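J.: Chains X and B, in that order, give the protein sequences.
Residue numbering for the first sequence follows this note's numbering, starting at -11 and increasing by one per position.
Residue numbering for the second sequence follows this note's numbering, starting at 103 and increasing by one per position.
Since the hints were made in silico from the structure, they are not lab data.
Only a predicted model underlies this, so the values are computations on that prediction, with no experimental measurement involved.
Glycine included, every Cβ here is placed at the ideal spot set by N, Cα and C.
Hints are supplied without guarantee of correctness; some may be wrong.
[As the list claims (entries may be wrong)] Derived DSS-like pairs: lysine-lysine, alpha-carbon spacing no greater than 25 Å straight-line:
(1) B:K144 x X:K171
(2) X:K171 x B:K114
(3) X:K191 x X:K159
(4) X:K62 x X:K29
(5) B:K148 x X:K171
(6) B:K271 x X:K(-1)
(7) X:K(-1) x B:K148
(8) X:K171 x B:K182
(9) X:K131 x X:K199
(10) B:K186 x X:K191
(11) B:K186 x X:K159
(12) B:K268 x B:K186
(13) X:K171 x X:K(-1)
(14) B:K182 x B:K271
(15) B:K182 x B:K114
(16) X:K171 x B:K268
[What the hints assert, rightly or not] Below, a sample of chain X positions facing chain B; criterion: calculated Cβ distance under 8 Å:
(17) S111
(18) P115
(19) G121
(20) F135
(21) Q136
(22) L170
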Amino acid sequence: MVIFSVYVVNKAGGLIYQYDNYVPRTEVEKTFSYPLDLVLKQHNEKVIVSFGQRDGIKVGHAVLSINGVDVMGKNTAEGKDILEYFNDPANYPISIRFGRARLSSNEKLMLASMFHSLFAIGSQLSPEVGSSGIEMLETDVFKLHCFQTLTGIKFIVLADPRQSGIDALLKKIYEIYSDFALKNPFYSLEMPIRCELFDQNLKSALEVAEKAGNFGAGS
Amino acid sequence: MSRQSNRTTDSKKMNSELFTLTYGALVTQLCKDYENDEEVNKQLDKMGYNIGVRLIEDFLARSTIGRCQDFRETADVIAKVAFKMYLGITPSVTNWSPAGDEFSLILENNPLADFVELPDNHNTLIYSNLLCGVLRGALEMVQMAVDVKFAQDTLRGDNVTEIRMKFIKRIEENLPAGEE
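Model the full assembly from the supplied sequences, consistent with the hints where possible.
T.: Written out as structure tokens, the structure is:
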């Protein structure tokens, strides 16, 4: 049972902190010879598989590295266009690593702001007056828990659907925020949190929550 | 006074004399730097404001108090929970205005001003003005605009210390979702 990540969103909807505790690694590295039997295409500054799923390489997986060297978007580390590189038989055999593309920090910022707006929609859609915003979002792979403080800061935790005790964990993260971020006089409110002590304490709180499977009182 | 990572007790014991001395050093240094009581009052209010905007999160994180429905509830929470939690005193709430938007907090003793006497050349200095800033900053973060002043001060010859709080308006900008 794992906690995947933690996001903290400020009053205006901007992401001020993000931590990935566990990123499932579904990466596959294979050696290929010319011609490549996967159909690749460029999408959103990345090169992804559009057809030809096989051996653990799925449609939607992105090219992560070529011959052990990480790629930069749709170019190789040396700046050559990846699709051109793959079309040249002289470059083969090539070892390519495919996997689910990780979210870039810009994408995370955008998603956090979008969630901030959706959160508000949650309370507006409500048939009853005085509803809170979105508290939980469930998919088959994870559950997103959100806690908004009276001052408008949102703490968001993405965890395994079977993980319990997330409410207590959210309160604990609020306490850690009020201690190690706010009591640091050099931290300005609403700005990205870059406090070592906050990171460390958050990590240990997540460890405790994962081990216990249930964050109890008295911690 | 360094923190362990897991808090088992809610409040750390600290020598109140050290607190009084620290606050006193702060005020006297401000007086030396600014040489003008009005300016010092303003600076204390500003500093209090910065403390208040951070203290409110600590207060909300540690107590289980939810949103107050009206100003009377706010007054009770401030006097009975917040003051008790942070200064160890419980002021009384009195002198409500007829419209219910102003009240007074009467403090029997003021921990900031233990052992303090104001000299004659600092007649207009509001020694504990930090508290006004703290209350103003904290309430502003929960969408309440208030005006906080010292109505009476034992340091200036009155019997009790009285803080007068007036509700100005609810802050409608940047309301957290679901609080409309």
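J.: State for each hint whether it applies.
T.: Going through the hints against the structure:
1. B:K144 x X:K171: holds, 22 Å
2. X:K171 x B:K114: holds, 15 Å
3. X:K191 x X:K159: holds, 15 Å
4. X:K62 x X:K29: holds, 10 Å
5. B:K148 x X:K171: holds, 17 Å
6. B:K271 x X:K(-1): Cα-Cα ~20 Å, so holds.
7. X:K(-1) x B:K148: The given pair, whose Cα atoms are some 22 Å apart, holds under the 25 Å limit.
8. X:K171 x B:K182: OK: K171 of chain X and K182 of chain B at ~24 Å, within 25 Å.
9. X:K131 x X:K199: holds, 18 Å
10. B:K186 x X:K191: violated, 32 Å
11. B:K186 x X:K159: Holds, at about 22 Å.
12. B:K268 x B:K186: Within the cut-off at roughly 21 Å; holds.
13. X:K171 x X:K(-1): With Cα atoms ~19 Å apart, K171 of chain X and K(-1) of chain X stay inside 25 Å; holds.
14. B:K182 x B:K271: holds, 23 Å
15. B:K182 x B:K114: holds, 19 Å
16. X:K171 x B:K268: Violated: K171 of chain X and K268 of chain B sit about 28 Å apart, past 25 Å.
17. S111: holds, 4 Å
18. P115: violated, 14 Å
19. G121: holds, 4 Å
20. F135: Given a least distance of 11 Å, the restraint on F135 of chain X is violated.
21. Q136: It holds, given that the least Cβ distance between Q136 of chain X and chain B is near 6 Å, below 8 Å.
22. L170: holds, 4 Å
Consistency note: the structure conflicts with the earlier hints numbered 10, 16, 18, 20.
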